[in-house]
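Student: Sequence:
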Amino acid sequence: MSDQSHQLSSFLQNYGNKTNHTVSFGDTTNLGGGGGSVGGFFPRTSSSSISSSNPFGALDTKSLMSGVGNSPNMQIDHLNSILKMKTQQIDRLQAEVRTLIRIQNEQAAQLLKTLEERQQLEKQLAATSKILSSRKADVENNDRPYTAELVPGETPYFIQNSVFLRVFLRNDQKALEDLITSIGSIEDQHTRGQAAQALLTQTQRFLELNTVFERLCDENGMETFVPTFEQNVRNLMDSRRVILWARIPSSRVIVSKSASTLVPEGEGLLGHVVQNAKRAIISDPTKEIEYSPEYDAAFVATAKVVLYQPVTNSKNEVIWVIQMIDRLDQSGTVVSPSNDDILIIDFLTTSLQRLYQEESRYDEMIKKILTESTKSLLNERQVMPLLETVQLTVTRIIGCEVLQIFFADPAQNYLFQLKEAANTNNDPNNDVDLSSVTRYEVSIDNAGIAGVAYRLKKTINLGIAKEHNGYNATVDGEYPNGSLLAVPLVSSKGIVTLVAVARQKRSGMMFTSSDEIILEALSRVSSGALSNAQSHERNIAEIKKALSNHKYYTALLAVAQELSSVLDTNTLVRKIMTKAQTFIGADRCSLFLVDKIRGGLWSIVAHGATDRIHIPEGEGIAGYVAQSGETLNIPDAYNDPRFNSAVDKQTGYRTRSILCVPIKNNDGTIIGCTQMINKLGATEFVQTDVELMSAFNVFCGIALSNAQLYESATQSKKKMTAMLDIALNLSTTTTFNALIGNITSKAKELLEAEYCYVFIIDRARHICRPLATNSEQTIEFSTRRDAVGFVATTGAEVNVSDPQNDKRFDLFFCEHVKIQPSSILVMPVIDASSQVVGVMLAINKNGMPKFTEEDQSLLRAFSSFTGLALDRWMMRKPGDFWQSEVDLLDSLASSDLSSSSVPEKMKIYEPLSSTVSSQSFDVLQFPRNEQFRIIVHFFDDLNLMSEFDINIGTLLHFLNAASSEYHHVPYHNWNHAMDVTQYVFFQINIGRLSTQLTKMELLALLVTGICHDMGHSGRSNTFNVKAQTPLSLLYKDQPVMETFHCSSAIKTMAKPNCNILAGLDNTQLHDFWVLVIDCILATDMSQHQKIIEEVAKRTGEGKFDLTNPQNRASLMKLVIKIADLSNLSRPFDTASPWANTLVEECFSQGDEEQKLGIGFTSPMNDRNSLELAKSQIYFSTTYGQPMVNAAVRAVPLFKPIEDQFLDNLQRWRDFLLEHK
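Letter by letter, the sequence shown follows residues 1 to 1220 of full-length UniProt numbering.
Some hints here could point you the wrong way.
To be verified - Taking lysine-lysine and the BS3-like style, the derived pairs with C-alpha atoms no more than 30 Å apart in a straight line are: (1) LYS1090 to LYS1026; (2) LYS278 to LYS304; (3) LYS907 to LYS1036; (4) LYS457 to LYS257; (5) LYS1155 to LYS850; (6) LYS1055 to LYS999; (7) LYS315 to LYS458; (8) LYS748 to LYS850; (9) LYS457 to LYS493; (10) LYS419 to LYS457; (11) LYS999 to LYS1097; (12) LYS1055 to LYS1097; (13) LYS850 to LYS664; (14) LYS596 to LYS807; (15) LYS457 to LYS664; (16) LYS1026 to LYS1055; (17) LYS1174 to LYS1155; (18) LYS850 to LYS1174; (19) LYS807 to LYS907; (20) LYS1036 to LYS278; (21) LYS1155 to LYS807; (22) LYS1103 to LYS1036; (23) LYS1155 to LYS315; (24) LYS1174 to LYS807; (25) LYS1155 to LYS493.
The hints are simulated quantities; they were obtained by calculation from the structure and are not laboratory data. Just so we're clear, the structure is a prediction, and the values are computed from it rather than from any experiment.
Make the full structure from the sequences, and use the hints.
Tutor: Shown next as structure tokens:
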């Protein structure tokens, strides 16, 4: 709401300036309005000269507006009191306006003249460009008023159509500016008075709505939110009653808490609105065909006008319905909702949607919190205590009276509950006795509502249990009139494993969507724990049963009990191997676990060997067992073709017999295998060994699963503790080095990396520098070097296992600090403005060939904290990070800025002047200030500044504004714009075009180079159209990005301090924009072939005559295209890095296309299949060669461009052959 309050204050202030009402706003710096005039047309009136006849002055707007930063309630109270005191003064508004207009006659005349000039310019631009007319049509479709639309003698539509309120609610700056212009053009005093009165009335409605929204935001739960919403909206809308209905999708009902009523979906007027998901305003609702006496009569039987407003989620599913009954006017008469009312209802709808999204995020947070209970549940080894814990936890969290858990036995077609029976075992030391657990079975058909949920595999949420068709009094009869929630737990294979049934919600009529999420989450956590406990009890029982048959089982039971208490994997593995080796009587043993990262198996322990062994999937004895699940008892290993004797040859050991048994977890998934080697005292392992090892491995599977779960939980705790520690350090650490040191040490520890660094990026100088306390590591290097520079330039993430063979970058930093990298993980550090300000580098994953996806996600989180830290300290001491450049505007004297002559300190001399005019120019070697100096040099060298009276200050303001419009995307950024502009100048020089083209054409070419990709999002036209982005809808049936670049260029140069065209007359302006717009649109690749054919046609008719304006226009398009693709014809070493940044931008688009499910819009977007050299050769031969050939035929002096192009093409072909 603060932005809307600021918008309101700015609107009132500008309105005062526009009509010369001398309104006092106190300290205007609080309004953020600056000190300039509105739109560059209206001078600011002194706040001290307050007219006694000014109706706005009588409203004490200083008091009103100075409270923008204070409580919205104080603003509303103050406004209400003022409105009551000044009601009578509104009647005198017309006389007051007449007086003010007479005082302002001279300024009004000047205003009209200025507006006429502006309208004339708009018409001229519209006649020459479809884009300008399209943009205006789009603006009109968005209800933005224009001065040109006002017809003398008619009442402006914005007085009666709630335009003021719409502007405030939409926070629409463009519409606000148009309103100011429209109001200022009104000459009729009566109409101007109506405008002021409409402004006051709709302002009051806006502030009242502001208060309602603040009150709703203060509510912390649904228990108080619904009545607060209904009461405040009823008061705001002056209606007899407002009801907020909530839809429960799983139950197909709509519920009102305040009315204590449930309406089935599809029943009555309310159900009809939910089905259609559209607003309905109904007069005399009893006559509607959908009217239901059963469900509607209690609310609308006597109503005259009823409004139903559905609120939908992102899937267009109705989640709430706002029902407003009988809107009353000031006399108490029922009226239809006004335009203001509809606007407010739409605003409330949007607010509820946002609150729903926040609630959904809250539900996800609850779900994650519940999952953290896994560890505590796993520690419970007995079924009934665990089941009791689950029931107590669920009833407490979701607020129900009873929770029942029905387990599924699909083979027998029944559900069963576990209940504790009498314990007949008198042994107090016995912790396990399955005889004390009784199964109460019921067939699925007789299981009541739980059986229905099982069959349908859907959640059932009821307000009254007995009204459901599946109600069974035997099963569901404990709370027949109470609410019920049944949630089936469906496994990944689509099988229902249990049904959790919660009965009788303690507060409210029904269980909520949040309750459904919580119960599902708890059921999933509990299911695994119960499965573990049941498996544990069952296996313990089976072993105890076998004690009388085999003496070894006594020792096995002891081992199993000992293993179940160990939660550290390394300790557990060593204990398993020690026990197994002794247990079975083997000479050696190994334990192999499935490698979830690389596939295959890792040998965790191999007695007799010193290193860990990795086995590819399916290879060797262990690989076969882990893949097939089959137990192998091999008496002679060398006679089995699956045996790999390489280890024997390496160590000199002789393997004879092998027993390899798979290890499975509770789900039956193979997680590893044990391998016993060489039976002591015998030539082979016997069947008893197989049975004993199989039983032993059951406990190994349970113990390993629990240990892995525990370690995962411990690791998660470490991560959260590290994040919390860093977050606390952000607010408490007094030194930047200490904070960065903490971040890198935590990241290194949790990533299990050998090294970890943070780099700062100086974008102005294109420099990377490590933030480190070791002076040896304090080295600056170009963003064109190393993987760090690659990430800084492209914004991409890099995770590679063999960085030395990655052709995208060198390893400059690692070589400098003498590190041999086997794997690297590089992550961009993004600041609050989405710019890459740093890079995090992790080197060498311990014990692994590559960092995992989890590591990548973790480093991404650390980089977020680093971005926050850099944001904080850069604002305090930017000099600690890089040499900040002094803005050229600040370094020049005012006399220099106002002059068209280049001051001495900005001039460029040899040898630099030759460098910046050459084909080998490398833009990344020049910081931002130097780039601006170079462009000024281009303008001066072509005599454009003196020709068009462009002063240094305006040109620098324009360059600053233009560069800031470019986004930090890998390729289409400001550096690319500078690169293109320089190549335009290079072509003008080498082709001697400065004597062939007019000054206006030269100016248009340079401006096109600067602006041709302004505001580029890094996404192509095809993507925008296919993804239905807002830009594609705005510029429908036009080249989306190029049209947007034209619009951005016009908007930038429309700013007074950036207007380098101020010295042009209307005819020159028209000619200039025709040239620039045509040249920018020429960069659309869909126009590529057409432009080449056009130039070829003209050269084929004879000499390419540049005295012909049409020939010059065609050549300008070709020049800008060659410059836009300049990396095809720059020296290879300068150009090739740009190819990498381009494909990274394409990959980023491809990743988003995959997420959106729209498919790749170009083969270049598929990071898994693109070959860079092949793509460069294809593009060069398909698009580049015809373009260069046409250019040389038109301008033979362009031959060096063709020569370099052909050399680059051959270099790419050679590269492809070398790496084939």
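Student: Taking each numbered hint in turn, which are not upheld by the structure, reported in ascending numerical order?
Tutor: 3, 12, 16, 19 and 22
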